[in-house]
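Undergrad: Chains A and B, in that order, are what the protein sequence lines are.
Count the first sequence with our numbering and you get residues 1 to 410, in order.
Count the second sequence with our numbering and you get residues 1 to 93, in order.
In case anyone wonders, no lab produced these hints; they're calculated from the structure.
Glycine included, C-beta positions come from ideal geometry on N, C-alpha and C.
Mixed in with the good hints, there may be bad ones.
Quick list of the computed label-pair ranges, beta carbon to beta carbon [as the list claims (entries may be wrong)]:
| hint | chain 1 | residue 1 | chain 2 | residue 2 | range |
| --- | --- | --- | --- | --- | --- |
| 1 | A | ALA233 | B | GLN59 | 16 to 22 angstroms |
| 2 | B | GLU64 | A | ASN206 | 43 to 49 angstroms |
| 3 | B | ALA11 | A | ALA233 | 31 to 37 angstroms |
| 4 | B | ALA11 | A | THR188 | 58 to 64 angstroms |
Single-letter residue listing:
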Amino acid sequence: MPSLGADMDFGTLIAWHVGVGDQVHRGDIVADVDTDKSVIEVETFVTGTVEELLVPEGRRVPVGTPLALIREDAAPGGNGRGPAVPAAATSPTAAAGPRPAEAGAAQPTAPAPPATVSQTAPAPHHFASPLARRLAHELGVDLAAVTGTGPGGAVRREDVEAYAVSGAPARPPGVAPPEVSRGPLAGTDRQAAVRRAVAAAMARSNREIPHYYLTRDIDVSRAMAWLEAHNAAVGVTDRLLPVVVLLKATALALREAPDLNGTWEQDAFRAASHVHLGVAIALRGGGLVAPALHDADRLSLPELMTRLRDLTARARAGRLRSSEVADPTVTVTSLGDQGPDSVLPVIYPPQVAIVGLGRIRERPWAVDGLLGVRPVVTATLGADHRASDGHRGAVLLAALDRRLQDPENL
Amino acid sequence: MNQPTTAPDPAELRATVLRVLGEVAPEADTAGIDPAADLRDELELDSMDILNLAVGLFQATGVEVPERDYGSIVSVDGCVQYLSEHMAAGRQQ
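So here's chain B without its partners, still in its complex pose:
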């Protein structure tokens, strides 16, 4: 019998994403980030930072972002949406 699924709380996910971003770029100002903005422009993230972001999100949520999906996690909103979809999918299995 399938277990009922509960979508992860977006606010908690957003807090998680911002915490991970703060660890990836501690010298950057994450407080006033535009959640829709491309982090490569907003915080000057480079490929090392994006990889570190993927690692941090995996360690925080268990969601592994394949390289082909890096484009989906280059904004705060993108991260939240990606994590929400994949955590919900994981709970449905």
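Looking at chain A on its own, in the form it has when it is part of the complex:
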């Protein structure tokens, strides 16, 4: 069960797209998982043959639980049997390093039991979610002393918190709760689950991340004039939205401020080698997801528009892929032309920064000593003070401003 969000402890295997004996290739969608926020398509990061499906449809299991065994295509003379543990790392981001499932794949020699990759505390003698292990490590709690209340007796974050406060198990030891089987959430159940997931992530962010904020008002008259001319020259199907211009400029600016593009894990900043821009997308009926636009700094504006259009449609249809949910290295939130003048966003852990963009509005603006009116956007950077200081944040906002004054080169 992949970790598809900092707030995710469990997931429900909704449907398998493969069966025993099927050949799969790296990147193939193999299953649908319900994270409570939405249904995510899970990709495999190995190529091989499905040997065994370990979790039945409808089963809710902790993050890190092996879902299937895939015999990797062996090199000549090798026996490439190994597990497929989609994104079994303890953190939801993988942009800076190898895909988490690659780290979990067994060596192509002797068959190995499906293993859960743990990069935080030593493996406990009974199962604990990655969040629970990390919290136990931070609080100095011995996981062996904590009674788990999750499926199969798994130790959850709440169990560790309760133990840390009282020193007692969260509930008297007894028969472990039965594993839960269900279909995908819908309607009010889904909305309630989304709210709980968002609440957990935002509460964690405010609890753990020392935010600092910087704002900058940016004259976007050049960018908007360029956009208007571009859109007038192309057909309706090729038009670009203003947000695409803002996203590309932000992605390029992040190249100049690498301290703000990455994650904070195990008391250290890990710079990302790519700019995978998480884009906050509002779900109809409430809730928010922020899937990644991979390599946003390398896409042309039309490519970015196409990807954003597709990502938005799939996010609202609950058809995001695991790599899109797990990979953002920084997030941008724009509440659009109906939104407020400015946004003070909350960082989505374990990222270290988030950029909030207010609506573009006409404002008085001084130009060469004269007062005029210009379209202006207020950009707000929320950043993790453990990873960067205000000077680095100011560099990012200055770079964003500079990029928006040169729209032809976005």
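Knowing the structure of chain A, use the given hints to seat chain B on it.
TA: Same frame as chain A, now just chain B:
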């Protein structure tokens, strides 16, 4: 000699608009839409949705809505009226 023009059927246009809206926002309930209501409030449409609506209406009717006219297509009634006017104008040319 000018050809006689026939105004497009409003009921057909309305059905077209609702079909396109259903494609733009399939997870939204389009059945009980107030035709005069602003779709940005009624269906929580954002700028991406409005653009997709313009694309869908173009593909369905051939009427291209310039950006400066987006404000005219933010309700079902607005869409029907806009399409009716521009399809009739197109037939007159």
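Undergrad: Please check whether ALA233 (chain A) and GLN59 (chain B) have a Cβ separation lying inside 16 to 22 angstroms.
TA: holds (20 angstroms)
Undergrad: Please test the hint of 43 to 49 angstroms on the beta carbon pair from GLU64 (chain B) and ASN206 (chain A).
TA: With Cβ atoms ~47 angstroms apart, the hint holds.
Undergrad: Look at the Cβ atoms of ALA11 (chain B) and THR188 (chain A) and judge whether their distance stays inside 58 to 64 angstroms.
TA: For THR188 (chain A) against ALA11 (chain B), whose Cβ atoms are near 35 angstroms apart, the range 58 to 64 angstroms is violated.
Undergrad: Please check whether ALA11 (chain B) and ALA233 (chain A) have a Cβ separation lying inside 31 to 37 angstroms.
TA: holds (36 angstroms)
The structure does not agree with numbered hint 4 stated previously, though it agrees with all others.
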